[in-house]
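The whole structure should be built from the sequences, with the hints applied where relevant.
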Amino acid sequence: MYTALWRRLPGRTWVRILLVAILVALVVYALFTWVFPLIDQHMAVLERDVRIG
Amino acid sequence: MDKAVANTPRSSPKWRYRALGVLGELLVTVGLVLALFVPWKLWWTDVEAHQNAQNELRVFDEEAEAAAGVPATETIDASEQRTDAAPVPTSTSGEVFATLWVPRWGPDYRVPVAEGIDLLSVLNLGFAGHYPETSKLGQVGNFVLAAHRVSHGAAFRDVDTLVSGDALVVQTPEAWYVYTVTGSEIVQPTETRVLASVPGDIDASPTMSVMTLTTCHPRLSTRERFVVYSTLSWWAPRSAGWPPGVEAH
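Chains as they are written, first to last, in our numbering: chain A, 1 to 53; chain B, 1 to 249.
Bear in mind the hints are in silico, worked out from the structure with no lab data behind them.
Don't take each hint at face value.
[Claimed, not checked] Stretch-level coverage of chain A by chain B, calculated; a stretch enters the list once three of its residues show a Cβ under 8 Å from a Cβ in chain B:
(1) 16-22
(2) 36-42
[To be verified] Some but not every residue of chain B turned toward chain A, in silico, with C-beta under 7 Å:
(3) 22
(4) 25
(5) 37
(6) 40
(7) 44
Ideal placement from N, C-alpha and C gives every residue a C-beta, glycine not left out.
Below is the structure:
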C-alpha cells in the first residue's frame, strides 16, 4: 500500500519526501478538525445528573 | 499485474502475501490514528478552548464597556460592599453572561460563564456552564456551575486547591458578586442533592445566595464529581472599582 504510493509519487527522493510530509499534514489536519471531534461526541459518557468531566 | 510483481524485487508473487501486507499496513495506520487521538484530546482541545475563551472575554469586556462604561481602577473599599438583594441578570441558552475570577489560581485567572451545560455549545468551548435548572446568579438559592477538569481548556483543573475562605468572584456587565468558599466534597455522579437550592438538602427552602462549582474527579476520569461550595459575601456595582485579589486591566 505505502510502497505503491511511494512508487506513484513523482520526482526525486527529496521531492517525494516533501510530498509525503504534505500528505501526512493534510491527514492530521482532517483528523484534528473533523474526525476526532466526531469520535469524541460518541465517547462522552453523558448522564443527566451531576455530569461533566 | 504480473509484470509489476516481477519488477518489485521484495514482493511475493502470491497475492495472499500482498493482501496480508496491505492488512498489516492498515492496522499500523489505525494504531497511529488512535495514538494521535490522545494529543488531540489532552493538548489540542486545550489550545482551541483557551483561544476561544480569550476571544469571548475580549468580546465580553467590549460589550460591558459599551453598556456600562470603563470601570474605575481602584479597589472596592468596605463601605461600597453591599449585602442587600443583588441584581439578577437574565441569560439565554449558550450566552456568555458573566465571567468568573478565582484569585487562588492567579490574579488574572478568568473564565467565561455561559448559560447551559451542553458539551458542544458551552463546556467544550472553554466556558464554565450554569446548570439551567438551578438558581440564577445573585438570587437567593444555589447558582451551580460546571466546567471541565481536563481537556477543552480545563477551567476547573485546580479545583482541589481551593480552601475555605478563598474568594470566587463573578463579574457581569453591571456588577461584581464576591463569594467565599465554605467547603468541598467528592460525590457520586448521581448525587444531584448538590444542585438543590440548599446544597445537600433537597427539601429545604433557601435563605442565602450560594454558588456551587462542579467538575470531574479524579482528573482524567468521570467516576466521581468534585464539588466546591461558597456563599455570597457581598456584591457591588461594577462602577465601584475592582474587588480585592482581582487584577484590574
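Results of checking the hints against the structure:
1. 16-22: violated (count 0)
2. 36-42: holds (count 4)
3. 22: holds (5 Å)
4. 25: holds (5 Å)
5. 37: Because about 6 Å separates residue 37 of chain B from the closest Cβ in chain A, which is inside the 7 Å limit, the hint holds.
6. 40: Holds. Min distance 5 Å.
7. 44: Nearest chain A Cβ about 6 Å off; hint holds.
Of the numbered hints listed earlier, the single one contradicted by the structure is hint 1.
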